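Residue numbers (my numbering), protein chains in the order written: chain A, 1239 to 1382; chain B, 1239 to 1382; chain C, 1239 to 1382; chain D, 1239 to 1382.
Any given hint could turn out to be false.
Any copy will do: because identical chains look the same in the list, a pair fits if it lies in one copy or spans two.
[Stated by the list, open to error] Using 25 Å as the maximum straight-line C-alpha spacing, the simulated DMTMM-like pairs for lysine to aspartate or glutamate come out as follows:
(1) K1352 - D1293
(2) K1328 - E1279
(3) K1309 - D1359
(4) K1328 - E1340
(5) K1286 - D1315
(6) K1328 - D1312
(7) K1352 - D1314
(8) K1309 - D1293
(9) K1352 - D1312
(10) K1328 - D1342
(11) K1328 - E1302
(12) K1352 - E1302
(13) K1328 - E1368
(14) K1352 - E1334
(15) K1328 - D1315
If you are wondering where the hints come from, they were derived from the structure by calculation, not from laboratory data. Only a predicted model underlies this, so the values are computations on that prediction, with no experimental measurement involved.
Protein chains: 4
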Amino acid sequence: MSDPSSAGPTHRVRVRYCETDRMAVAHHGSYVAWFEEARTEWMRARGKTYRQMEDEGNLLQVVELVCRYHKPVDYDDVVAITVRPGEVSKVAVVLEYECRRERDGALCATGSTKLACVGRDGRLRRLPGEFAGAAGAVDRPAQA
Amino acid sequence: MSDPSSAGPTHRVRVRYCETDRMAVAHHGSYVAWFEEARTEWMRARGKTYRQMEDEGNLLQVVELVCRYHKPVDYDDVVAITVRPGEVSKVAVVLEYECRRERDGALCATGSTKLACVGRDGRLRRLPGEFAGAAGAVDRPAQA
Amino acid sequence: MSDPSSAGPTHRVRVRYCETDRMAVAHHGSYVAWFEEARTEWMRARGKTYRQMEDEGNLLQVVELVCRYHKPVDYDDVVAITVRPGEVSKVAVVLEYECRRERDGALCATGSTKLACVGRDGRLRRLPGEFAGAAGAVDRPAQA
Amino acid sequence: MSDPSSAGPTHRVRVRYCETDRMAVAHHGSYVAWFEEARTEWMRARGKTYRQMEDEGNLLQVVELVCRYHKPVDYDDVVAITVRPGEVSKVAVVLEYECRRERDGALCATGSTKLACVGRDGRLRRLPGEFAGAAGAVDRPAQA
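Could you put the whole structure together from the sequences, leaning on the hints where they help?
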């Protein structure tokens, strides 16, 4: 299990009208943007923004995305997203997400993204030190 | 001129990574979602949510959208959006938007949406009383 | 392995400008829309449109999404997407996707969506007969 | 009036599921992407792709967007979009769009985008020769 202390503050998003679809619930693709926004805030809370990291030439490319949908959320619902680091290697980190409907606490979706660190040339790079900290905070073995 | 007191509290959005494009700034289409989110909050601040209004059978259809782009905003920038009611008739209301880049106050975009009130059958309906209030708050003559 | 004959004609999408991001390639979330468009066309080629299926009260909810990213695609690139049915049970079907960059045939992304059939009440329903056909076309055992 | 010969071939888009919203029709923001896709094809038909133009350092920034909505379109509807050049100056061009629902020819939306030519430095530049051709094809006076 992850050390809860490595989770940043829960990030809240309110479902936009344009994020709903013909089924009158949030479209399954909307969670991709919410995961992304939540990890932006998770990184900010850890001390360096992703924008700064990217400006320094360290890009995080999404190499794998997984999302499982448990309960729908509707327009104007607030979704609370918790981010936790999973496996961390020298060049990649997995972040795990849990989305809850704020009005009743129901678990809506869980997922993960595997992010690889690359330079502007697209070649793999060692993750910056900030993520080494994330690695230390979890009790799963780091992998190559 | 609009009575400033009819403007709700300024709504802030932070530019999402997925809202940027190949020019490395926010895509011009992103403002459509921001205007929408800002008017959702403007309505909430006035006492009735748009979700409640729609659940009561009063739908606001966008019949006209205008946006003028003055300065770009980048990923992670905060955009402050002010909403003010413009012309109001029995069945339609114009909302006007002003977007400023929070870090320097620069005017990024201005725009408007004309919203017509329709029922689930798509036929025009009289705007609910909440908007009559908006009409009273502006000094432009109401139009049919 | 899937019976290749169960794959519909390859569906082509051209990367839209708004689908690119600050890294100057297609955003990873764009593939969600492309998978969706490709399965719409796969269903059309099999004889019944998803719109017709939904109008008949059989909704396909995405319960799991997986995407692995291998090579980036840029604005105006054509992406060729092949859809193949994977596991099929009485109430759910997995569709698998393979995306290739048309200009050089490079594998860009692979992924899958698990779709559960539900009624307007959100309760699980037996998949319509069209998918039983998909089940017959694959040699993996059906699962509950 | 525009010379019809300056309109490229009509561009068709099929409404994606993710482009619909809670009103069960295409979201008003979806037209922004369709206008963009239609002008990409209009430029391709005139002999130089926008991607090539951008690779040569000539960027077209949207400085104004207008859209008027006449009739809704639903998921899986085909929308036929015609593009025509409007006013052209040395540094900017207006493109006008007309969207029709293919199944019945109904006019769904009309709109325009004003595009200014800028370099990578964000400074205004003279439009490339391809657009001078567009200017010649219309009978409105060019403006500074």
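So, going through the hints one by one against the coordinates:
no. : hint          : result
1   : K1352 - D1293 : within (21 Å within a copy, 31 Å between copies)
2   : K1328 - E1279 : within (22 Å within a copy, 41 Å between copies)
3   : K1309 - D1359 : between (40 Å within a copy, 13 Å between copies)
4   : K1328 - E1340 : neither (36 Å within a copy, 33 Å between copies)
5   : K1286 - D1315 : between (29 Å within a copy, 15 Å between copies)
6   : K1328 - D1312 : neither (39 Å within a copy, 28 Å between copies)
7   : K1352 - D1314 : between (29 Å within a copy, 21 Å between copies)
8   : K1309 - D1293 : between (37 Å within a copy, 20 Å between copies)
9   : K1352 - D1312 : between (27 Å within a copy, 21 Å between copies)
10  : K1328 - D1342 : neither (39 Å within a copy, 31 Å between copies)
11  : K1328 - E1302 : within (17 Å within a copy, 29 Å between copies)
12  : K1352 - E1302 : both (5 Å within a copy, 16 Å between copies)
13  : K1328 - E1368 : within (12 Å within a copy, 47 Å between copies)
14  : K1352 - E1334 : both (9 Å within a copy, 20 Å between copies)
15  : K1328 - D1315 : neither (38 Å within a copy, 30 Å between copies)
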